[in-house]
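Student: Listed below, chain by chain, are the residues.
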Amino acid sequence: MDRQQKQSNPDVLVVAAAKEDVRHVIGAKRSLRIALRVAIVLMLFTLAPAQKKSSCIECHSKLEDTRLSAPAKLFDNDIHHARGLSCNDCHGGDPNADTKEGAKDPRKGYLGKPKTLDIPAYCGKCHSDANLMKRFNPSLRVDQEREYYSSVHGKLLKSGEPRVATCISCHSVHGIRAISDPLSSVYPPNVAETCAKCHASADYMRGFPIPNDQFAKYKTSVHAKMLYEKQDLSAPTCNDCHGNHGATPPGLVSVANICGQCHARQAELFQTSPHKAAFDQRQFGECIKCHSNHAIAKPGDQLIGTFQGALCVNCHTTGDKGFVAAGRMRSRIDELIASIDKSTEILNRAERDGMEVSRPKFEMKEATDALTHARVLIHSSSPDEIDKIVAPGLAASAKGYQAGLGALAERSFRRKGLAVSLVFILFLAALVYLKVRQIERRQNESANSA
Amino acid sequence: MRIEALRAWLDERLSISTLAAMAQKKEVPVHRHSIWYYFGGMTLFLFAVQVVTGILLLLYYRPSSETAFESVQFIITEVKFGWLIRSIHSWSANLMILTLFVHMFSVFFLRAYYRPREMTWLSGAFLLFVAICFGFSGYLLPWNKLAFFATKVGTEIAGVIPIVGRPALRFLRGGDDVTGATLTRFFGFHVAVLPATATALITIHVLLVQLHGMSVPPGVADKNVKKMKFVPNFLLRDLIGWILAIGVLAALAALFPWELGEKADAFAPAPAGIKPEWYFLFMFQTLKLIPAKILGFDGEVLGIMAFNVVAVLLFIVPFVDRDPENLRRRLIFNVIGVFALLYIVVMTVYGYVT
Amino acid sequence: MGNNAWDKTTRNPEYPDPQPNTRRRFLDYLLGSSAVATLGAIVYPILRFMSPPQVIESAENSVVAAKLTEIPINSGKIFKFGNKPGILVRTATGEFKAFSAVCTHLECIVQYRADTKQIWCACHNGQYNLGGKNIGGPPPRPLEEYQVNTRGDDVVVTRS
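Line by line, the protein sequences are chains A, B and C.
Residue numbering for the first sequence is 1 to 450, as defined by the working numbering.
Residue numbering for the second sequence is 451 to 804, as defined by the working numbering.
Residue numbering for the third sequence is 805 to 964, as defined by the working numbering.
Simulated from the structure, these hints should not be mistaken for laboratory data.
Any given hint might turn out to be false.
[As the list claims (entries may be wrong)] With a straight-line Cα cutoff of 30 Å, these simulated BS3-like cross-link-like pairs (lysine-lysine) come out:
#  : chain 1 : residue 1 : chain 2 : residue 2
1  : A       : K225      : C       : K888
2  : A       : K289      : A       : K155
3  : A       : K158      : A       : K134
4  : A       : K361      : B       : K595
5  : A       : K435      : B       : K476
6  : B       : K602      : C       : K871
7  : C       : K921      : B       : K713
8  : C       : K888      : A       : K361
9  : A       : K365      : C       : K884
10 : B       : K743      : A       : K365
11 : C       : K888      : C       : K937
12 : B       : K713      : C       : K881
13 : B       : K530      : C       : K937
14 : B       : K475      : B       : K602
15 : A       : K435      : B       : K679
16 : B       : K602      : B       : K743
17 : A       : K73       : A       : K134
18 : C       : K888      : A       : K388
19 : C       : K881      : A       : K365
20 : B       : K713      : C       : K937
21 : C       : K937      : A       : K365
22 : A       : K134      : A       : K155
23 : A       : K388      : C       : K871
24 : B       : K713      : A       : K230
25 : A       : K365      : B       : K476
26 : A       : K361      : B       : K725
27 : A       : K225      : C       : K937
28 : A       : K217      : A       : K197
29 : A       : K435      : B       : K475
Build the full structure now, drawing on both the sequences and the hints.
Tutor: As structure tokens, this is what we get:
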């Protein structure tokens with residue numbers, strides 16, 4: 001601490017004052033020694049805590065301009081801070097220096113604020129260095145910078161366009177949190193909003209040849225519903241389909257591979273179906289032709305068939321092979337649905353009437369499973385495959401229907417049984433009553449005649 | 451001839467003819483309130499139905515939290531006429547408590563507890579509590595969601611009583627929470643402890659009635675009352691009632707089968723609108739209406755203590771209202787009785803409609 | 805007057821019977837037969853109740869999932885366990901394994917895939933290994949494992 005600062009440091013002044021007073025008041029050598037020891041202890045407490053000194057943070061957090069003080073204040077929550085890193089580890093400079101010139105001395109390695117075009121390399125200084133990263137987290141990848149340059153953002157940045165996303169656009173800067181932290185801008189449920197910061201703004205995206213409605217559309221999708229409402233973190237958001245560092249829309253002929261990461265069966269079926277070649281040839285984008293890319297709604301049976309409103313008739317015309325197949329597939333599924341509805345209705349009726357039908361209701365699962373399976377098989381475009389699944393489904397549903405009929409029959413048997421027993425019971429009660437009357441009449445008559 | 455020989459053989463050893471003579475001598479007064487005489491016998495008949503159907507259910511029921519629900523489901527789906535036996539058991543329980551209340555109120559208003567019948571009243575009051583314990587313990591046995599929560603709430607209420615509440619709760623539940631241990635315990639109460647107690651009390655109660663004969667209400671002139679022979683007149687009339695009761699039970703079982711519901715899940719939240727059985731409803735509703743704090747004391751605790759006090763008062767009725775000549779006291783007791791009856795009815799209905 | 809208990813009970817010897825014998829007898833006969841019929845209608849269900857039904861017990865903690873001969877090596881079978889489906893797998897080494905067949909993601913029914921030798925959920929490509937552990941895709945938790953024993957020709961699955 002230089003002299004000027006020592007004199008302005010209030011703690012030192014207090015201690016100095018204490019020392020003066022003590023010498024004046026007591027004046028004994030022994031008391032002075034005690035006082036000195038007290039003073040040393042007090043001084044130790046005024047020193048900064050065990051962490052490394054950072055004059056950057058000390059000064060910047062006191063500045064009035066929020067643009068300059070924000071980084072220092074945010075850094076408390078930063079994951080780099082938690083790992084023991086500080087400003088100089090990214091920006092260079094000398095954290096022990098107490099003057100602005102001393103701290104920001106280029107000779108001490110001060111780099112300053114990076115230019116937008118240089119940001120990936122700036123972060124990559126550490127994050128692309130495997131030897132360095134393994135000291136902190138050996139399982140972290142170290143190819144983000146390389147991946148980034150394969151993305152649309154990276155390619156545009158390389159060509160000199162500064163208005164694209166760089167590391168700090170998504171991960172923020174100075175207050176970077178771990179991905180698993182719910183407050184992180186890249187925590188899965190927060191990812192879409194982070195991307196939307198740029199992509200949903202028509203103003204910002206002016207000049208780029210892509211639409212701005214992706215986030216709005218995504219929010220209506222079934223994936224968003226699972227992610228936001230049901231908190232299912234396995235539901236996809238922007239980066240699951242587009243990649244995160246290598247963010248690029250999937251090629252039109254590889255869409256099925258992307259969706260197939262989760263919807264493996266549907267992708268598998270599609271890729272062996274006649275639609276794959278037909279869609280790829282016409283650049284339809286495979287899955288998204290029918291299901292859309294961002295506003296993916298829960299699919300319904302109305303998408304399939306030969307009626308107005310079905311997707312099939314957008315391409316297929318009356319009489320062609322596809323048209324016939326679509327009609328067949330839809331009608332088989334409708335048949336199964338009708339059968340399941342009928343069986344469920346009769347079982348519910350039996351249950352409402354007080355019959356115990358939990359086992360047949362459980363066994364109806366076989367039929368509803370077959371229905372789900374049949375709907376998935378649509379992606380094969382093969383009515384024969386669907387027939388193979390629908391037939392046992394219909395059988396299971398018919399079994400449920402029979403069980404429902406049985407339950408209703410049992411119910412009516414019980415009522416008939418009740419009616420018959422009540423006749424006997426009432427008849428018996430009436431006879432006993434007649435007997436009582438007979439007995440009493442006799443008793444009265446005899447009593448009267450006696 | 452053979453029947454005569456058999457009768458003589460039994461008579462020599464069991465004095466049947468003395469019993470038969472006693473039965474022949476028993477008479478029942480006939481007056482405008484005689485109809486109430488049937489309710490005691492009806493309660494006893496319904497109890498007998500419970501014993502028979504209960505023993506039958508015991509052939510298939512399994513009293514453990516893993517198997518109880520499934521065993522009841524088994525009874526009502528697989529066992530022949532299982533649905534009938536089970537529904538009759540559940541309906542008859544309710545009917546028995548209803549007739550028990552009618553019997554109790556009729557005895558109260560007709561002053562059948564005056565001397566020398568005080569102990570008949572006492573044994574009857576004990577039987578009331580035994581019957582309610584039967585209902586409470588039996589309700590849990592199917593181990594469904596409704597019963598689980600009803601038991602939880604019911605034992606919770608018992609736990610609120612000062613000093614003895616907590617140990618009582620732990621005794622009832624077999625622990626701190628309602629678990630399989632509670633089920634085992636309730637089963638033990640329901641099929642062993644309570645039946646033994648009930649048998650002893652019923653025997654005392656019925657023997658005392660035979661000893662003292664049927665009482666005649668104070669309002670009816672004692673000397674001019676006609677008498678009806680118990681055997682065969684009154685007994686056959688009783689029989690008509692019992693036969694009709696069988697018909698009612700059969701109809702209820704077939705037309706309004708008793709629900710099974712869903713298996714109890716200790717970790718699921720309580721279903722909405724949970725209510726105890728109707729005979730607890732007036733107390734439940736009262737507790738709901740009591741304000742949280744009364745004069746600094748916890749409202750719920752005061753309510754429960756009040757019910758306990760009323761229960762004690764019930765026992766000492768024949769020792770307070772002793773004198774048939776004390777018309778003023780009789781009037782007060784009539785008013786109290788009417789109030790109690792109205793309170794129970796109104797609170798029960800109120801509990802149902804909300 | 806007959807010398808039987810019924811007559812002695814329902815008729816008092818002090819009071820002679822003014823009614824013709826036949827009418828009284830008819831009523832008694834009707835009463836007797838309908839009493840017997842009603843008693844029969846009560847006793848019959850009780851007797852049927854007491855005789856054991858076809859399915860003799862409701863044991864839902866353990867089921868016979870399959871017969872030994874019907875599960876080939878490296879295959880799986882769905883069976884009913886209480887109210888929920890279970891899956892019985894015979895591994896490539898011949899060992900039997902049994903799990904709950906309800907996928908821990910969105911409750912679809914899983915299946916055994918002989919090609920990957922894993923348990924797979926067709927709905928969203930969830931994967932479980934033969935220990936029931938969720939090793940791929942969306943499922944957040946492992947499948948509940950059951951105990952398997954063979955008893956003669958039966959493969960018995962038990963849950964604790």
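Student: Within a Cα-Cα threshold of 30 Å, do K225/A and K937/C meet the stated pairing?
Tutor: Roughly 27 Å between the alpha carbons, so the hint for K225/A and K937/C holds.
Student: Would you mind confirming whether the straight-line C-alpha gap from K888/C to K361/A stays at or under 30 Å?
Tutor: holds, 12 Å
Student: Would you check the hint for K217/A and K197/A, treating anything up to 30 Å between C-alpha atoms as holding?
Tutor: Since the Cα atoms of K217/A and K197/A sit roughly 15 Å apart, the hinted pair holds (cutoff 30 Å).
Student: Need the status of pair K888/C, K937/C: alpha-carbon distance at most 30 Å?
Tutor: Between K888/C and K937/C the Cα gap is close to 19 Å, so the pair holds against 30 Å.
Student: For the pair supplied as a hint, K435/A and K476/B, is the alpha-carbon distance within the 30 Å limit?
Tutor: Holds, because 20 Å separates the two Cα atoms, which is no more than 30 Å.
Student: Starting from K937/C, check that the Cα of K365/A is at most 30 Å away, please.
Tutor: holds, 25 Å
Student: Take the C-alpha atoms of K530/B and K937/C, compute the straight-line distance between them, and say whether it is at most 30 Å.
Tutor: violated, 44 Å
Student: For K225/A and K888/C, compute the direct alpha-carbon distance and say whether it is at most 30 Å.
Tutor: Holds, at about 27 Å.
Student: Does K679/B sit within 30 Å of K435/A, going by the straight-line distance between their CA atoms?
Tutor: holds, 15 Å
Student: Run the distance test for K881/C versus K365/A: straight-line Cα separation, threshold 30 Å.
Tutor: Holds, at roughly 16 Å.
Student: Holds or violated: K158/A with K134/A, Cα cutoff 30 Å?
Tutor: Holds: K158/A and K134/A sit about 28 Å apart, inside 30 Å.
Student: Does K921/C pair with K713/B here, judged by a C-alpha cut-off of 30 Å?
Tutor: violated, 36 Å
The structure fails hints 6, 7, 10, 13, 14, 25 (numbered hints given earlier, in ascending order).
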